[in-house]
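J.: What follows is each chain in one-letter form.
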Amino acid sequence: MMLLRLVYRSLRQHALSTIVTAASIALAGGLLLTVWMVKEQTRRAFVETTTAFDAVLGARGSKLQLVLNAVFHLEASPGNVALADYEAIRRHPAVKTAIPIAVGDNYRGWRIVGTVPELFTGVEYASGRRYTVAPGGRLFDAAKREAVVGDMVARQTGLTVGDTFKPFHGLAFDPKAEHADVYTVVGVLAPTNTPADRVVWIPLAGVQTMTGHDARTATDVSAVLLQLRAPSAGMMMDLLYNRQGNRLTLAFPVGAIVADLFNKISWVDRVLALVAYLVALVAGGSVLASIHASMEARRRDIAILRALGARRRTVFGAVLAEAAAIGLLGAVASLVVYAGLFSVVAGVIRTQTGVVLNLAQWHPVLVLAPAGLILLGALGGLVPAWKAYRTPVADNLSPVS
Amino acid sequence: MLEISDLKKSFAIPGGGRAVIVDVPALSLAVGEQLALRGESGSGKTTFLHLLAGIHAPDSGRVVIDGIDMAALGEARRDRLRAEKIGYIFQTFNLLQGHTVLENVLLGMAFGSSGSDPARARALLDRVGLGHRLDHRPALLSTGQQQRVAVARALVNRPSLVLADEPTGNLDRKHAQEALALIREVCGEVGAALLLVSHDEQVLAGFGRVLDFSTINRAVAPREP
Numbered sequence: 177m178m179l180l181r182l183v184y185r186s187l188r189q190h191a192l193s194t195i196v197t198a199a200s201i202a203l204a205g206g207l208l209l210t211v212w213m214v215k216e217q218t219r220r221a222f223v224e225t226t227t228a229f230d231a232v233l234g235a236r237g238s239k240l241q242l243v244l245n246a247v248f249h250l251e252a253s254p255g256n257v258a259l260a261d262y263e264a265i266r267r268h269p270a271v272k273t274a275i276p277i278a279v280g281d282n283y284r285g286w287r288i289v290g291t292v293p294e295l296f297t298g299v300e301y302a303s304g305r306r307y308t309v310a311p312g313g314r315l316f317d318a319a320k321r322e323a324v325v326g327d328m329v330a331r332q333t334g335l336t337v338g339d340t341f342k343p344f345h346g347l348a349f350d351p352k353a354e355h356a357d358v359y360t361v362v363g364v365l366a367p368t369n370t371p372a373d374r375v376v377w378i379p380l381a382g383v384q385t386m387t388g389h390d391a392r393t394a395t396d397v398s399a400v401l402l403q404l405r406a407p408s409a410g411m412m413m414d415l416l417y418n419r420q421g422n423r424l425t426l427a428f429p430v431g432a433i434v435a436d437l438f439n440k441i442s443w444v445d446r447v448l449a450l451v452a453y454l455v456a457l458v459a460g461g462s463v464l465a466s467i468h469a470s471m472e473a474r475r476r477d478i479a480i481l482r483a484l485g486a487r488r489r490t491v492f493g494a495v496l497a498e499a500a501a502i503g504l505l506g507a508v509a510s511l512v513v514y515a516g517l518f519s520v521v522a523g524v525i526r527t528q529t530g531v532v533l534n535l536a537q538w539h540p541v542l543v544l545a546p547a548g549l550i551l552l553g554a555l556g557g558l559v560p561a562w563k564a565y566r567t568p569v570a571d572n573l574s575p576v577s
Numbered sequence: 113m114l115e116i117s118d119l120k121k122s123f124a125i126p127g128g129g130r131a132v133i134v135d136v137p138a139l140s141l142a143v144g145e146q147l148a149l150r151g152e153s154g155s156g157k158t159t160f161l162h163l164l165a166g167i168h169a170p171d172s173g174r175v176v177i178d179g180i181d182m183a184a185l186g187e188a189r190r191d192r193l194r195a196e197k198i199g200y201i202f203q204t205f206n207l208l209q210g211h212t213v214l215e216n217v218l219l220g221m222a223f224g225s226s227g228s229d230p231a232r233a234r235a236l237l238d239r240v241g242l243g244h245r246l247d248h249r250p251a252l253l254s255t256g257q258q259q260r261v262a263v264a265r266a267l268v269n270r271p272s273l274v275l276a277d278e279p280t281g282n283l284d285r286k287h288a289q290e291a292l293a294l295i296r297e298v299c300g301e302v303g304a305a306l307l308l309v310s311h312d313e314q315v316l317a318g319f320g321r322v323l324d325f326s327t328i329n330r331a332v333a334p335r336e337p
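If you read the protein sequences in the order shown, they are chains R and Y. Numbers in our numbering are just positions in the first sequence, counted from 1, shifted up by 176. Numbers in our numbering are just positions in the second sequence, counted from 1, shifted up by 112.
Incorrect hints may have been included.
[To be verified] Using C-beta positions, here's what the derived DEER-type ranges look like: (1) G127/Y / A191/R: 40 to 48 Å; (2) L179/R / S172/Y: 32 to 40 Å; (3) D181/Y / R188/R: 23 to 31 Å.
[What the hints assert, rightly or not] A few chain Y residues that don't get close to chain R, going by computed Cβ distances all over 10 Å: (4) I125; (5) G129; (6) E145; (7) A165; (8) E187; (9) A188; (10) L207; (11) A222; (12) G318; (13) F319.
[To be verified] Anything over 10 Å on all C-beta distances counts as not near chain R; from chain Y, calculated: (14) R130; (15) V132; (16) S140; (17) G173; (18) R192; (19) A195; (20) E196; (21) L208; (22) G241; (23) R265; (24) L283; (25) A317.
In case anyone wonders, no lab produced these hints; they're calculated from the structure. For glycine and all other residues, C-beta sits at the position ideal for the given N, C-alpha and C.
All chains, full assembly: derive it from the sequences and hints.
T.: Okay, here's the thing in structure tokens:
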């Protein structure tokens, strides 16, 4: 109790340096937690998003581009897959499910994807989870100009059941590129926290036969999402399409391609983490500097405490506890900084990719990082504590008579 | 309650060698007795009090307080004995400016084994006339009031021995007399022996037993008559 009071009073007495130092610790901790949690959750979210399909068949090109386009609804399509190729793979005995998609249009920047109703009725987008249409709506009729909009699209554009809209040509919104076709919204997808929330879904034929599209490609699809009967089939098809063929690309396995993407960009994580570690190091140094700088003024107080009977280890502990308390303040504040930074980053990621990151999701780093910051603060207090330990009592109780 | 024998303390001096500052062959103080030591500045009185308080370890000799030889103890045990048996009043009060009046007094019982007793601290501050200033910082008090806080802090732990080093040196005449009277009264009330050092004849005049420090400390040249 006495030790706590000593620490509390000293923190208050040096309030400005306490606040500045704790703030720098909070910044370091917030950065570190944000980098860590965004990395962990993004990786997991992207990998989970890829669990619905084993492979993607598309035009010859980059596997990563194919996956990003077909699964995450990012990037441009590398090209088209002819109807015959789609039919061939759909009938392949190793293929359990083949879902074609067609892209090339948008509604005010939100991507329009043409597909078949089986995507919503026959596929789990994540383990144990299927797409559902919010009450009051239904799936589109494949033969009509109807649309089902993702949850985020509905919230951002205000589109709701019964509304009509005209698509715009291309993946980027251009007000002058409006198609003449009129679509009616018949349903809104319940939130999935996946890229599907950012999509306006219409029948496959809708994109293929949109007014103004090239009639010669009216039966082509942009890509085919595949569920295979066995992983070994993927290797066989990889050989067939990627090694022996030269017109198409099979992206298999999808999870490994996404993981490879994360490995390629992991240097960004490492740089950010390094920055956070450096800030933490500077924060630890500032604990040392701030307490050390005030040691001259504290020598008398320490001598008084010693004259009152405080042992060397007591004053050592008091200074160390004060440093740890600054670390604790910083650690608590780092959770606030983390909440703010994470929310901003999660908002950007959600808008850009549809992937939802959860602030409240538990991870041991949420405890370990703050604990590390407290330890860092205490370490910063070691040198001043040692000075306190060695403070000569008589020399600091002037004047003498 | 206090027995000193052959107490010696020297310090290294620039250029080599050591200067003997304290060399007291014998001095004793009975329970509750009040003794004043007269001495000039620089005569080693503070060093002597530091030896009695266990702040310094002597080169040789004995300082027996309530039957325990302070000089034979290690530093940690001297600290504990000081916290439990000795109250120290400084010329400059030595209050912690970041703490309230009450907290300063509580620090006087923070390092002993008996623990903190806020009720006693409040009662003692009442006794010295500061019951209404418990939550004030020392800087808001007059010098006389600050010395009264220091008196309360020195006595709150019911010490056997109170050491007062020029306790009125920073006070004007009126407050000096008040502070001195208070110290002597409260020491009497708690049964603590008092060893006070001062060079102020008006302070010394009130004591029944006054010793010239030079007569007990062989390291100091005898005072001119």
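J.: Which numbered conditions among the earlier hints are violated in the structure presented, ordered from lowest to highest?
T.: 3, 7, 8, 9, 10, 11, 18, 19, 20, 21 and 23
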